[in-house]
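S.K.: The lines below spell out each chain.
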Amino acid sequence: MGVVFLEFARIREFESPLEKYMAEIIRDWGEKYVTPYRRNFDEDWKEHRTIEPALEKLMVDYGIQTAVWPEEFGGWGLGSSDYFGSICARVMEEIGRYDTGIAVSVGVTLWPIFVIAVKPHINYDLCAEFAPLFMRKKLTMAANAMTEPQGGSDIENLDEMKGKTIRTTAKLDGDEWVINGHKLWPTNSGGVADLFGVVCTTNPGVPDEKNFAYIYVPANLPGVKQGEPYRKAGMAADKNSDIWFENVRVPKRYRAWGEGLDAKYFRIIISTGCLGSAGMALGAMENIYEILFEKCSELRYRGKPLKENTAAAAVLADIAAEIEICRSAVYTYARMLDRPDYYGDRFSAEIIARGRALKLKVCDACCRVAEKAMDLLTHYGIDRNYDVEKHWRDVKIIQLWMGGRQLCQMDVARYFYDCKQL
Amino acid sequence: MIVQKDFMNVDNKELMMMKLEFKNISELRSDVAEMLAKSVHEWAEKEVIPYRAWIDDEAEIADKALKKLFLDIGMQKLVVPEAKGGAGISSDDLPAVLLRSFEEIGKADAGIGFVLSALVSASISSMETEVFDYLSDKLSNRLCKIAIFPPQFGKSDFKGFELAKTVPVGDKIKLKGFGRPLNSGYDADIFAVFCNYNGISVAFVDAENVERGEKIKSAGLVASKNCDVKINAEIDKSRISTGNAWKKLYTYLNLCLSALCVGSAYDSCRILREWSEKRIVRGKPLRDNTVDASVIANVIRDTLEAKAVAQMLAMLMLENRDDEEVYAFSIVSALKCSESAFNSADRAMELMASQGYAREGLLEKQWRDAKSIRAILNPNHLLLELSANYFGSRLW
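Read top to bottom, the protein sequences are chains A and B.
So for the first sequence, the numbering used here puts the first residue at 5; every next one is plus one.
So for the second sequence, the numbering used here puts the first residue at 11; every next one is plus one.
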């Protein structure tokens, strides 16, 4: 690239050696396997001919798909690390710098595993069952099947709805769960995932967290059907589709933890989802900064580089300030997830609320940064050869997923203002 | 209590819901404007709406619709004299006609409207000049696109930007420039080039004198096929509009784009309204949750504000005002309306979440198109222009 960009703020004392090493290899991967191809990702949304090799390199050759599983099952044991949050954030940040679609595809593969492979809740039986799938030298992906046609953000709105609107059912029949339902939009659906973590209810329509069931379903089982990927504004590397579960039978032990505990530990999906979303949005912002640095040095306005004009410099400063603050916030929250002994359980109401607040602010900032960058570059800003517009299209969905801004706002208000009726 | 009970009756609530459409103020209503708007509306229903989800992938959809609009409806001949087969719309009728018809186009496809905006504003800017005869002939014969080649990034001879260079060669003018047109560089028949002839002028150059680069892939406005171009032409002096022509061009462009953005914002409102009735959140329709209703309110507020500002611009254009004053306000209007169109789509998407982000939902197209117009307008630069116009800031 030539220019060495400054690093935005974070407390370096909390940077683990593994995190630093992973950042280096991801940058190397990104420059070789993503940057040369990413302008064509939009045309590759359905086939993933250029996207899949990049994913395979990262997940299989660099071993990211094994990262969370405990060491005794061949994984890196990230779930037992005191740097769990910081490493997750850094991985998402570095991948997001190149492509947030790939970042979410990677993140969502790790997501369902968090429920059973992160201390203090490690389910060794299920780890023994599913870890070997991810230890193969073959691209292996997972997905979190959560959203439903009628429910939207109500499914994620556990504290208010208590699982009342979930319509995907799990009925016990002897030693097997029989699952029926229809899910929409899971990342890595559309034929990508090998394993689903499925949000179900054991008692439809009844608002009680005991009925909330999180059950693992291998994608190749009879009765699992997936639709064609959706066409979207962006995020081509993230395939989404419908999934239908029709009398799908899985062993009883595939339920993550059991009554009450599924809902409790499922909340780690919310806290890590917020961290991951903020991390990848941060990466996208940093790449936008790098592009602006380069282009605003080249483009000349009023006889001098664009960046040397005070009006443009003020916009550039606002962008840098957003990134500076967002990075320190992301790693502050990551550190909270590193150390539940100091900051509370990763599934606690406090940590969830702080995560929602982080996602709300960083995603808003990211959308703003991308919008300002496009305006600054004017007709080059909308040109796909400049990559800024790709980030702009991609990052919007980060703001919208996991219940979007409004659910973030409700979770934040509930905790910080002690609201009882939200 | 009985009244209150009736008030809450679902049917009555439906009746109470205001229509989204908001008629223009009476001074801006005319038979010609309404007739044309009706034709454009029918064109949209038939040629665009049924195919809109595929318009980005299949170029022929936009091409066919654009041709129908330009030729069959006659939008490219709006100001061409009736004797030459045009509509011969007078200057007095133009603001109302443009306001209504571009609003209708904006509800269907902002990209097609964007290409038309350039053509209409360039042709209007040449009225009462020698160029008009040449343009009238071109516009009355066959499908024609005009690309605007604005001042480019570079030196500082036009408010911080660089004009195409002219050199007199006998009775002719040699014209050179390189850069990116506002629209349609890849398939335009004529280029309206901002150049440094007698101050700032607009030269009309046939496409055969223009070398085109590779077609650019863009975030939106797919009907506008653009590329970088190299202009190297020798033209008659009669092909150059001098004086305030460039300002007139920008003023009309800003009016067309303002109206286009109003239409786009309305379409986002319409899409959101359908969703907010159907979507059930927390056991009730989305629109009945206060947190969502407040976002909906901002979407409609943005849309109505844009409509008000665009009408204000049209009214100013009908009055005997100083050109500079109208030009300056047209900047306000374009900035406001493009911002509103984007905000409406962006915030509607916030509530529709993945459904708004999916191609099939159609909102995301308005979102990409509105943002593209906003970015192309170069808001940071236009704000400086406003400061110069209203506060006399000496910036250039």
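In case anyone wonders, no lab produced these hints; they're calculated from the structure.
A portion of the hints provided could be inaccurate.
Said to hold, decoys possible - Computed cross-link-like contacts, DSS-like style, restricted to lysine-lysine with a CA-CA straight-line distance of at most 25 angstroms:
no.	chain 1	residue 1	chain 2	residue 2
1	A	142	A	61
2	B	169	A	299
3	B	169	A	311
4	A	166	B	165
5	B	247	A	50
6	B	227	A	299
7	B	294	A	308
8	B	240	A	308
9	B	165	A	308
10	B	169	A	308
11	B	240	A	299
12	B	148	B	247
13	A	141	A	61
14	B	56	A	308
Here the structure is a predicted model, which means the values were calculated and not measured.
S.K.: Compare the structure with each hint and give your call.
M.R.: A quick look at each hint next to the structure:
{"no.": "1", "hint": "A:142 <-> A:61", "result": "10 angstroms, holds"}
{"no.": "2", "hint": "B:169 <-> A:299", "result": "20 angstroms, holds"}
{"no.": "3", "hint": "B:169 <-> A:311", "result": "16 angstroms, holds"}
{"no.": "4", "hint": "A:166 <-> B:165", "result": "62 angstroms, violated"}
{"no.": "5", "hint": "B:247 <-> A:50", "result": "53 angstroms, violated"}
{"no.": "6", "hint": "B:227 <-> A:299", "result": "18 angstroms, holds"}
{"no.": "7", "hint": "B:294 <-> A:308", "result": "57 angstroms, violated"}
{"no.": "8", "hint": "B:240 <-> A:308", "result": "22 angstroms, holds"}
{"no.": "9", "hint": "B:165 <-> A:308", "result": "8 angstroms, holds"}
{"no.": "10", "hint": "B:169 <-> A:308", "result": "13 angstroms, holds"}
{"no.": "11", "hint": "B:240 <-> A:299", "result": "21 angstroms, holds"}
{"no.": "12", "hint": "B:148 <-> B:247", "result": "18 angstroms, holds"}
{"no.": "13", "hint": "A:141 <-> A:61", "result": "11 angstroms, holds"}
{"no.": "14", "hint": "B:56 <-> A:308", "result": "50 angstroms, violated"}
Of the hints listed earlier, those the structure fails to meet are numbers 4, 5, 7, 14, in rising order.
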